[in-house]
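Please model the complete structure; the sequences and the hints are all you need to start from.
Protein chains in written order, with the working numbering: chain A, 1 to 140; chain B, 1 to 140; chain C, 1 to 140; chain D, 1 to 140.
Think of the hints as simulated: they come from the structure by calculation, not from any bench. This one's a predicted model, so the numbers in the text were calculated from it and none came from an experiment. Hints are supplied without guarantee of correctness; some may be wrong.
Identical chains share a label here; the pair holds if one copy fits it or two copies do between them.
In silico DMTMM-like pairs for lysine to aspartate or glutamate, Cα to Cα no more than 25 Å straight-line [said to hold, decoys possible]: (1) 82 x 62; (2) 95 x 31; (3) 95 x 32; (4) 95 x 77; (5) 95 x 116; (6) 126 x 31; (7) 126 x 116; (8) 82 x 116; (9) 82 x 36; (10) 95 x 124; (11) 95 x 16; (12) 95 x 60; (13) 95 x 36; (14) 126 x 14; (15) 82 x 60; (16) 126 x 98; (17) 95 x 14.
There are 4 protein chains.
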Amino acid sequence: MARHIYSCPLRWSDMDAFGHVNNVVFLRYLEEARIDFMFRLAPGDGSPSFAGGSVVARHEIDYVRPLVHRHSPVTVESWVTKIGAASLTIAYEIKDPEQVYVRASTVVVPYDLAAERPRRISAEEKLFLQEYLAEEPAAV
Amino acid sequence: MARHIYSCPLRWSDMDAFGHVNNVVFLRYLEEARIDFMFRLAPGDGSPSFAGGSVVARHEIDYVRPLVHRHSPVTVESWVTKIGAASLTIAYEIKDPEQVYVRASTVVVPYDLAAERPRRISAEEKLFLQEYLAEEPAAV
Amino acid sequence: MARHIYSCPLRWSDMDAFGHVNNVVFLRYLEEARIDFMFRLAPGDGSPSFAGGSVVARHEIDYVRPLVHRHSPVTVESWVTKIGAASLTIAYEIKDPEQVYVRASTVVVPYDLAAERPRRISAEEKLFLQEYLAEEPAAV
Amino acid sequence: MARHIYSCPLRWSDMDAFGHVNNVVFLRYLEEARIDFMFRLAPGDGSPSFAGGSVVARHEIDYVRPLVHRHSPVTVESWVTKIGAASLTIAYEIKDPEQVYVRASTVVVPYDLAAERPRRISAEEKLFLQEYLAEEPAAV
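See the structure below:
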């Protein structure tokens, strides 16, 4: 089982008035990792359709440790925990070599932009996603 | 059981390149509603301590319908679904009179900024929170 | 000479780690005021074209006083200081009854989205903009 | 004369509903470059005081070309165009090898956080800044 590794640079403005990376901003980090995973890797594996659109149906996110701005990036590891007929679930950990900051998961629905409606996952996409499929979600 | 009602103005920049309010931005709306609920109302009811600090431990959020920018605000209704010894769970609906856009919940941990650690919920805070307590979470 | 008055709600997240509304965020307030001015008022006065697109060519912004998050909105007053053949200049003050926080100006270029290029200001738009035209820019 | 070079990663969410990097977001890029310049480099050259605080007094920014999200970073080149008694002016270009997207300048005022007031630039800081001093601002 592979994990997609995304090196995520922080911005100073990611911190809020309490001096920590704001809880909402971590979902931006997940978005960047997910787009890198689905938009950048998928086409190379023959799944141009994901680039055409997908919709977030649900997030779950657990905040394990606070994070302060620094110049080195954090790592977002992503993998797939469920492949349904018309949705998939991505799990993530936001971490560095010392510790985990966030564990999360997102239900994504592929979307047909032309027809303006959700669509099924193709056989080709399934093949690609299965490389990243792990039975276990992130342990919280 | 009361619900806290927050009228949440949108910003044009809340939309992403797909022309919808971005999924991450809805968590900003929840943050605004939660701060309004906990920072503004609580002190008047004798709970200055919440203003001193609290930490988000977890979010769950379901996206029911897309939302496009408009000049009228959306309503964020908030209530309490669980009061623990050292945490509480807030449920929300983001809606307008016609429909619901988002259902979500957040686990909040009161935080002692001086001691730099989580703290227990006081008896006084419990009284305040119980006014907003409902057994049922938002139906998804 | 009229000024366009926009009541601009703050968000808690507009503050940065120094506990003030971040300098970049004030440009969001200007954006909201400008959109309210150009997208909302203009159509009612017969200038649907502005809603079709416009591009920011330049900002100048002076920070007069720091602003801390509060629950009452600030006021953004906007007016027009220059109407060119294919651009206009909007001046602004961000203020409340006690003081001015920011003075700024923006050069806006009307844009033809279909043709993908800048376009001239129509006679009709000029009439609308002239109501807000003042010779003097904001005094800094 | 040296220029400070900052490699600035974009985020997908930097785009607005028109599908371009939003004009306000470019000021975030300038902020990241400026913080990298002043907070990270200055201390190593013996100017810890800049890290203690500084305030933006003014921005001027010209938008030369639209920018669309991509996975490769843009470069922010920064240099100093004026060193006053209690302020300095930084000029920037946001570019890639092919073209320039933005030219801008910022007046920064060093700030004494303990005394809560602006302060003078030290002789030591002047020496550091002079390495980046160029008489000419960015040509617009």
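Hints and how they fare:
1. 82 x 62: Both: 19 Å inside a chain and 17 Å across chains, each within 25 Å.
2. 95 x 31: For residue 95 and residue 31, both the intra-copy (15 Å) and inter-copy (24 Å) Cα distances are at most 25 Å.
3. 95 x 32: both (15 Å within a copy, 22 Å between copies)
4. 95 x 77: within (8 Å within a copy, 30 Å between copies)
5. 95 x 116: between (36 Å within a copy, 22 Å between copies)
6. 126 x 31: within (21 Å within a copy, 36 Å between copies)
7. 126 x 116: Within. Shortest intra-copy distance 22 Å satisfies the 25 Å Cα cut-off; inter-copy 39 Å does not.
8. 82 x 116: within (24 Å within a copy, 38 Å between copies)
9. 82 x 36: within (19 Å within a copy, 37 Å between copies)
10. 95 x 124: This pair counts as neither: shortest intra-copy Cα distance 31 Å, inter-copy 38 Å.
11. 95 x 16: Answer is both; intra-copy 20 Å and inter-copy 23 Å each pass.
12. 95 x 60: Close inside one copy (17 Å) and across copies (20 Å); limit 25 Å.
13. 95 x 36: Answer is both; intra-copy 17 Å and inter-copy 23 Å each pass.
14. 126 x 14: neither (35 Å within a copy, 30 Å between copies)
15. 82 x 60: both (14 Å within a copy, 18 Å between copies)
16. 126 x 98: neither (33 Å within a copy, 37 Å between copies)
17. 95 x 14: For residue 95 and residue 14, both the intra-copy (16 Å) and inter-copy (23 Å) Cα distances are at most 25 Å.
Against the hints set out earlier in the document, violations occur for numbers 10, 14 and 16.
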